[in-house]
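S.K.: Turn these sequences into a full structure, and let the hints steer you where they fit.
There are 2 protein chains.
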Amino acid sequence: MRQRISLVTLGVADLDRARRFYLALGWRPSPRSVEGEVLFFDAGGTVVALWDRAKLAADSGRRDSGGWGGITLASNVGSAAEVDRVLDEAATAGAVLARRGAATEWGGYSGVFVDPDGHPWEVAHNPDWFLDPDGAVRLD
Amino acid sequence: MRQRISLVTLGVADLDRARRFYLALGWRPSPRSVEGEVLFFDAGGTVVALWDRAKLAADSGRRDSGGWGGITLASNVGSAAEVDRVLDEAATAGAVLARRGAATEWGGYSGVFVDPDGHPWEVAHNPDWFLDPDGAVRLD
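Protein chains in written order, with the working numbering: chain A, 1444 to 1583; chain B, 1444 to 1583.
These aren't lab readings, by the way, just hints derived from the structure by calculation.
What you were told as hints is all true, and nothing was included just to trick you.
Because identical chains cannot be distinguished in the list, a pair is counted as satisfied if it fits within a single copy or across any two copies.
Below, a list of computed lysine to any residue pairs in the SDA-like style, where the Cα atoms sit at most 20 Å apart:
#, residue 1, residue 2
1, Lys1498, Gly1510
2, Lys1498, Arg1543
3, Lys1498, Val1481
4, Lys1498, Leu1540
5, Lys1498, Thr1547
6, Lys1498, Ala1546
7, Lys1498, Arg1475
8, Lys1498, Asp1459
9, Lys1498, Trp1549
10, Lys1498, Ala1541
11, Lys1498, Gly1551
M.R.: See below:
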């Protein structure tokens, strides 16, 4: 199996609400999205999809526990100030801040916002990770 | 906010068990992993981490519902035969197959395996998406 994630699908209760939220963060859906059904975002080699959560549960063969299920996403940025800027942007777009920006025990700076469907995003600055100009993260 | 995912962290109950599973799929951890604490996998511009699920819940400011929480990952491959091959590989490594490989209503072919911590991976062939030789997906 290739060491890659091709697609991350976020189950949503209300596709319009989720769309408005991610568009308010500056994201732009792909023309391959299917209006009213599924939104795709080209995210630099990985695709992010927004799709009905009940359909996703059925398609994944999972019982929906209804809350958080052990997966957290992160968006890495170039500085602590940018962490705070993105957290502010998310809060303005309607996110709940689960954790305000602060220094971390691993030597960086991060905070967490939660999207309208309960999916948490850590916004992080990790001075030890390489961030390409196009946003790709490289560890080595 | 940049239209990117830098990091996907999968919460695990037993790091050694999760490590064995992903290594059996051919994944190789980054030297930046912290032995016994967190494993990082360089996944082509996005990093996949395996970390203690209870710590991840606390760090994400989320109550753990204990099951699936509305996020499914996918690995896209070049053919239906390769879907079946990866599903077999995952089953041999200890995954449960939630859905065997079969034609999909969107014109492709896919199946789903569930990792030892309950995280589902769809393995898919989508003839309408571009798959670069290095595994990057491009929609347009």
